[in-house]
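Engineer: Counting from 68, one number per residue, gives the positions in the sequence shown under this note's numbering.
Misleading hints may appear alongside valid ones.
To be verified - With beta-carbon atoms standing in for the labels, derived distance ranges:
1) 69 to 131: 31 to 41 angstroms
2) 171 to 70: 32 to 42 angstroms
3) 110 to 160: 17 to 27 angstroms
Bear in mind the hints are in silico, worked out from the structure with no lab data behind them. Beta carbons are placed, not taken as given, at the ideal position from N, Cα and C, and that holds for glycine.
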Amino acid sequence: ASKIDKAEAKLDWNQPATTLARKLRAFDPFPGAVVTLEGVEGEPVKAWHGVAEAGTGRPGQVLAVDTGGIVVACGEGALRLTELQKPGGRRVGVADFLNGSKLRPD
Numbered sequence: 068a069s070k071i072d073k074a075e076a077k078l079d080w081n082q083p084a085t086t087l088a089r090k091l092r093a094f095d096p097f098p099g100a101v102v103t104l105e106g107v108e109g110e111p112v113k114a115w116h117g118v119a120e121a122g123t124g125r126p127g128q129v130l131a132v133d134t135g136g137i138v139v140a141c142g143e144g145a146l147r148l149t150e151l152q153k154p155g156g157r158r159v160g161v162a163d164f165l166n167g168s169k170l171r172p173d
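Input sequences plus hints: build the corresponding full structure.
Structural biologist: What follows is the structure, given as structure tokens:
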């Protein structure tokens, strides 16, 4: 297999949630998956862990935000992100990530 390129690490919310959950596992520990979430100052963040679940909405729409995870709609289903990293920060659980964040459901 060829080496994973950093450009491949950007998640496309139009893909099914199960595919994105697999990519999160594949990109840990390097290069880490990159996602863009509205409400996080427009900067991309790294996503390290997430699980696919049922959910509907436009791809990329934040459906729910709580200490159990950030649920984002995908092309098929939804992805619950549970471990993230802000630029220049360290990997943290979603509860710590949300401290001081203005991230809210759309």
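Engineer: Mind listing which of the numbered hints don't hold for this structure, in increasing order?
Structural biologist: Hint check: nothing fails, all pass.
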